[in-house]
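Start from the sequences, fold in the hints, and give me the full structure.
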Amino acid sequence: MATSAEILAALADYQKQCNENKRLRRMQRDWTKLLHFVASDTRDGFTMDVQSGEIVSYKPGLEGTPDVVVTATSEDLCDMFWGDLNPSQKYLKGEIRVKASTEDVMRLDAITMIIWPDA
Amino acid sequence: MVELAKRMKLRTVISAGAGLALATVSYTSNMQVALYVAGDSGWIPILIAGGISVLAAFVFAELVGMFPTAAGIKLFIERAFSERAALIFASVYILVSVGVVGTETYILSSVLEVAFPIVPRLFWIFFFLGAIALVNIRGISLAGLAQDVTTYALFFGLILLSVVALIKNDFALTAPLSPGSGLGLAQAVAIGVFLFLGFEWVTPLAEEVTDFKLIPLGMFGAILLLGVSYALFNVALTSTLPKAVLAGSPVPHILFGQALFGKVGVLLFVALSILASVTTFNAGVMTASRFIYAMSRDRALPRVFSRLHPLWATPWPAILLLLAITTGVSLAIYFTGYYKVLIFLGAAVECMIYVVMAASLLALRRKNPEQERPFRAPGGWVVPAFVMAVYSVLFVLIFVPDPAHPEDVPAQLAALATIAAVFLLAIVYVLGLMPRLRARYAAEAAARQRRRPPRETRQAN
Numbered sequence: 565m566a567t568s569a570e571i572l573a574a575l576a577d578y579q580k581q582c583n584e585n586k587r588l589r590r591m592q593r594d595w596t597k598l599l600h601f602v603a604s605d606t607r608d609g610f611t612m613d614v615q616s617g618e619i620v621s622y623k624p625g626l627e628g629t630p631d632v633v634v635t636a637t638s639e640d641l642c643d644m645f646w647g648d649l650n651p652s653q654k655y656l657k658g659e660i661r662v663k664a665s666t667e668d669v670m671r672l673d674a675i676t677m678i679i680w681p682d683a
Numbered sequence: 003m004v005e006l007a008k009r010m011k012l013r014t015v016i017s018a019g020a021g022l023a024l025a026t027v028s029y030t031s032n033m034q035v036a037l038y039v040a041g042d043s044g045w046i047p048i049l050i051a052g053g054i055s056v057l058a059a060f061v062f063a064e065l066v067g068m069f070p071t072a073a074g075i076k077l078f079i080e081r082a083f084s085e086r087a088a089l090i091f092a093s094v095y096i097l098v099s100v101g102v103v104g105t106e107t108y109i110l111s112s113v114l115e116v117a118f119p120i121v122p123r124l125f126w127i128f129f130f131l132g133a134i135a136l137v138n139i140r141g142i143s144l145a146g147l148a149q150d151v152t153t154y155a156l157f158f159g160l161i162l163l164s165v166v167a168l169i170k171n172d173f174a175l176t177a178p179l180s181p182g183s184g185l186g187l188a189q190a191v192a193i194g195v196f197l198f199l200g201f202e203w204v205t206p207l208a209e210e211v212t213d214f215k216l217i218p219l220g221m222f223g224a225i226l227l228l229g230v231s232y233a234l235f236n237v238a239l240t241s242t243l244p245k246a247v248l249a250g251s252p253v254p255h256i257l258f259g260q261a262l263f264g265k266v267g268v269l270l271f272v273a274l275s276i277l278a279s280v281t282t283f284n285a286g287v288m289t290a291s292r293f294i295y296a297m298s299r300d301r302a303l304p305r306v307f308s309r310l311h312p313l314w315a316t317p318w319p320a321i322l323l324l325l326a327i328t329t330g331v332s333l334a335i336y337f338t339g340y341y342k343v344l345i346f347l348g349a350a351v352e353c354m355i356y357v358v359m360a361a362s363l364l365a366l367r368r369k370n371p372e373q374e375r376p377f378r379a380p381g382g383w384v385v386p387a388f389v390m391a392v393y394s395v396l397f398v399l400i401f402v403p404d405p406a407h408p409e410d411v412p413a414q415l416a417a418l419a420t421i422a423a424v425f426l427l428a429i430v431y432v433l434g435l436m437p438r439l440r441a442r443y444a445a446e447a448a449a450r451q452r453r454r455p456p457r458e459t460r461q462a463n
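Protein sequence lines correspond, in order, to chains W and A.
Residue numbering for the first sequence follows this note's numbering, starting at 565 and increasing by one per position.
Residue numbering for the second sequence follows this note's numbering, starting at 3 and increasing by one per position.
No wet-lab data here; the hints were simulated from the structure.
Virtual Cβ for every residue (Gly too), placed ideally from N, Cα, C.
Hints may contain errors.
Unchecked claim - No farther apart than 27 Å at their CA atoms in a straight line, the calculated lysine-lysine pairs in the DSS-like style are these:
no., chain 1, residue 1, chain 2, residue 2
1, A, Lys265, A, Lys245
2, W, Lys657, W, Lys597
3, W, Lys597, W, Lys623
4, W, Lys654, W, Lys597
5, W, Lys597, W, Lys580
6, A, Lys11, A, Lys215
7, A, Lys11, W, Lys597
8, A, Lys369, W, Lys654
9, W, Lys586, W, Lys623
10, W, Lys580, W, Lys623
11, A, Lys369, A, Lys215
12, W, Lys657, A, Lys215
13, W, Lys657, A, Lys369
14, W, Lys654, W, Lys623
15, A, Lys215, W, Lys654
16, A, Lys215, W, Lys597
17, W, Lys580, W, Lys654
18, A, Lys170, A, Lys265
As the list claims (entries may be wrong) - Listed below are several chain A residues computed to face chain W (Cβ distance under 10 Å; list not exhaustive):
no., residue
19, Ser143
20, Glu210
21, Met297
22, Arg299
23, Pro317
Stated by the list, open to error - Facing chain W, from chain A, some residues (calculated, C-beta under 10 Å):
no., residue
24, Phe69
25, Thr71
26, Ala73
27, Glu85
28, Glu209
29, Val211
30, Ser308
31, Arg309
32, Ala315
33, Ala447
34, Arg450
35, Arg452
36, Pro455
37, Arg457
See below:
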């Protein structure tokens with residue numbers, strides 16, 4: 565079970581990787597969304613604000629009305645943000661659940677796809 | 003209940019399912035249903051097919067409630083049986099659905115050739131397939147209000163024209179309550195299943211709705227809308243034109259439009275065809291390309307299919323693969339004239355998937371009786387068992403030669419051969435090639451260093 569602090573550390577790295585990747589920023593240039601991440605085992609929640617493809621902030625707690633809600637175990641969330649987990653595989657097995665439009669699910673997976681294509 | 007910034011309404015869920023099911027090829031299938039029954043009784047098999055589709059919708063609703071994900075059909079079968087079985091059935095289902103898009107292109111091209119004889123059919127085939135690929139790679143899709151307006155305009159137009167035709171004919175119907183032989187009626191119901199192909203494609207929307215009840219309600223609404231529209235159109239069609247005239251044409255609705263209002267009628271049905279194809283292409287190609295992308299990300303297909311367009315984030319190699327398949331199907335029909343093959347094939351695969359879904363539901367009830375179910379199909383095991391039995395019989399009936407329709411035997415045989423070939427291909431790939439591909443990717447992943455710091459280090463820090 566990953567702690568809230570561990571997930572926040574993973575999110576910090578995720579933000580850096582995303583924002584520094586020029587290819588990803590170009591692809592996601594028109595993607596502005598509020599995302600909620602919920603750890604199903606610890607009940608910790610996190611809010612991420614993406615503006616024009618840039619992760620402008622992330623914080624503990626669930627704030628605002630989201631466009632995307634991702635629910636997974638704390639370990640899976642942590643591994644996903646570190647790029648050690650292929651979210652598509654977990655998603656197809658029903659272990660990561662997403663509430664969003666098909667387009668947003670695709671965009672979310674595209675982030676991992678672009679930053680860590682071998683994950 | 004999770005609240006999302008963008009709420010999907012019931013009318014959009016209905017339009018998504020009904021819009022995908024109502025395609026230009028539906029008019030051709032409608033005529034095919036009429037040919038298997040006597041007089042103007044084509045509405046009877048259509049409503050029976052719609053009625054049993056409601057039972058299939060019960061099965062889907064329970065499964066989607068348990069696993070509200072766009073991974074849908076693959077996940078249901080995987081949880082009930084095995085991943086391999088899931089990949090085989092899902093691949094066959096998606097491949098045949100893509101084949102239906104190829105048939106749709108051929109039929110739409112035939113419609114436009116009738117309307118604009120100066121432009122050859124082959125041009126329209128390449129024009130539409132190229133346009134579908136471009137629109138999908140560009141990431142343009144009909145959504146929300148645009149999809150609703152298109153779909154409801156289409157249904158309103160179809161119902162209105164059918165009623166006008168019936169009024170013009172003074173409701174003079176021939177044997178509307180006497181469908182004729184039992185075999186003919188049963189086969190008409192089996193072909194009628196194809197008319198509803200697509201209502202279940204609302205299940206991936208489970209991720210977009212905030213209130214789960216919208217999914218079963220959306221499926222029931224789509225089936226009702228389709229059933230009423232098709233039944234009216236079928237009776238209007240056969241009461242306006244003799245079946246001998248309709249039988250040889252892939253575009254019976256154009257003949258119907260011409261008989262009704264001359265050139266204006268033709269143009270009206272050309273417009274309805276284009277609208278119908280747009281809604282089908284929109285959902286069909288987009289969903290299938292996302293399926294191929296997801297399979298590639300799951301390492302079940304080569305990695306090349308998970309490449310995304312650098313500007314529009316669309317899976318362009320997957321879309322090009324679909325373009326190749328649909329072009330192959332369209333050209334095969336163009337050169338052979340066997341447009342009915344995909345109607346039989348589509349109906350058979352739809353029956354097959356309903357049987358597999360019902361079997362999955364029964365298996366999951368046994369395996370996971372405690373799992374939360376926001377919706378439960380009524381009557382215990384009766385509904386899924388009935389769905390399995392009825393659709394198994396209909397599946398067989400699709401391939402049984404009817405002495406009254408010897409002209410359809412080659413298409414039935416071709417459909418049977420195609421379904422066997424597609425299954426064989428899927429089995430060889432999933433059991434033979436895919437494990438090697440996965441082993442290679444797993445070795446690469448194992449060689450990759452984990453980025454997440456080890457827990458001891460983090461604790462020491």
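Do the hints match the structure? See the list:
1. Under the criterion of a C-alpha separation no larger than 27 Å, the hint pairing A/Lys265 with A/Lys245 is consistent with the structure, at around 21 Å.
2. Annotation: proposed proximity of W/Lys657 to W/Lys597 holds, straight-line Cα distance about 25 Å (limit 27 Å).
3. For a cut-off of 27 Å, the pair hint linking W/Lys597 to W/Lys623 stands: about 15 Å separates their Cα positions.
4. Straight-line distance between C-alpha atoms of W/Lys654 and W/Lys597 comes to about 22 Å, which keeps the hinted pair within the 27 Å bound.
5. With a C-alpha separation of about 18 Å, the suggested pairing of W/Lys597 with W/Lys580 holds against the 27 Å cut-off.
6. Restraint check for A/Lys11 and A/Lys215: satisfied, since their Cα atoms lie roughly 11 Å apart, inside the 27 Å limit.
7. For the hint pairing A/Lys11 with W/Lys597, the CA-to-CA distance comes to about 20 Å; that is within 27 Å, so the pair holds.
8. The hinted pair formed by A/Lys369 and W/Lys654 meets the criterion: a straight-line CA distance of about 21 Å does not exceed 27 Å.
9. Using a Cα cut-off of 27 Å, the hinted pair W/Lys586 and W/Lys623 holds, with the two alpha carbons roughly 24 Å apart.
10. Proximity of W/Lys580 to W/Lys623 is assessed by CA-CA distance (about 15 Å); at most 27 Å being required, the pair is judged to hold.
11. Only pairs whose Cα atoms come within 27 Å are accepted, and A/Lys369 paired with A/Lys215 is accepted, the gap being roughly 24 Å.
12. Taking the CA atoms of W/Lys657 and A/Lys215, the gap is about 23 Å. The hint holds against a cut of 27 Å.
13. For the given pair, W/Lys657 sits about 16 Å from A/Lys369 by alpha-carbon distance, which is consistent with the 27 Å threshold.
14. With a CA separation close to 24 Å, the supplied pair W/Lys654 and W/Lys623 stays within the 27 Å bound.
15. Of the pairs offered as hints, the one joining A/Lys215 and W/Lys654 holds, with about 26 Å between alpha carbons and a cut-off of 27 Å not exceeded.
16. Restraint check: the Cα-Cα separation between A/Lys215 and W/Lys597 comes to about 26 Å, which is no more than 27 Å; the hinted pair holds.
17. For the hint linking W/Lys580 to W/Lys654, the alpha-carbon distance of about 24 Å falls within 27 Å, and the restraint holds.
18. For the suggested pair A/Lys170 and A/Lys265, the alpha carbons sit about 17 Å apart, so the restraint of at most 27 Å is met.
19. Proximity of A/Ser143 to chain W holds as hinted, the smallest CB-CB distance being about 8 Å (cut-off 10 Å).
20. Of the supplied interface hints, the one on A/Glu210 holds, with its beta-carbon coming within about 5 Å of a beta-carbon of chain W, less than 10 Å.
21. A hinted interface residue such as A/Met297 counts as satisfied when its beta carbon comes closer than 10 Å to some beta carbon of chain W; here the least separation is about 8 Å, so the hint holds.
22. For A/Arg299, the interface hint holds, since its Cβ comes within 10 Å of a Cβ in chain W; the closest pair sits about 3 Å apart.
23. Checking A/Pro317 against chain W: minimum C-beta separation of about 8 Å stays under 10 Å; hint holds.
24. Because the beta carbon of A/Phe69 sits about 5 Å from the nearest beta carbon in chain W, less than 10 Å, this interface hint is met.
25. Using the Cβ-Cβ criterion of 10 Å, the hint placing A/Thr71 at the interface with chain W is satisfied: the shortest such distance is roughly 6 Å.
26. Because the closest C-beta pair between A/Ala73 and chain W is about 5 Å apart, less than 10 Å, the hint holds.
27. Against a cut-off of 10 Å between C-beta atoms, the interface hint on A/Glu85 holds, since the closest Cβ of chain W lies about 9 Å away.
28. For the restraint placing A/Glu209 at the interface with chain W, the shortest Cβ-Cβ distance is roughly 6 Å, inside the 10 Å limit, so the hint holds.
29. With a least beta-carbon distance of about 9 Å to chain W, the hint placing A/Val211 at the interface is held under the 10 Å criterion.
30. Interface restraint check: A/Ser308 against chain W, minimum CB-CB distance 6 Å, threshold 10 Å, status holds.
31. A hinted interface residue such as A/Arg309 counts as satisfied when its beta carbon comes closer than 10 Å to some beta carbon of chain W; here the least separation is about 9 Å, so the hint holds.
32. Because the smallest distance between the Cβ of A/Ala315 and any Cβ of chain W comes to about 5 Å, under 10 Å, the interface hint for this residue holds.
33. Interface hint at A/Ala447: satisfied, since its Cβ lies 7 Å from the closest Cβ of chain W, which is below the 10 Å cut-off.
34. A least Cβ separation of about 6 Å between A/Arg450 and chain W falls short of the 10 Å threshold, and the interface hint therefore holds.
35. A distance limit of 10 Å between C-beta atoms decides the matter here; for A/Arg452 the minimum to chain W is near 5 Å, and the interface restraint holds.
36. Proximity of A/Pro455 to chain W holds as hinted, the smallest CB-CB distance being about 8 Å (cut-off 10 Å).
37. The closest approach between the C-beta of A/Arg457 and any C-beta of chain W is roughly 8 Å, which is under the 10 Å cut-off, so the hint is satisfied.
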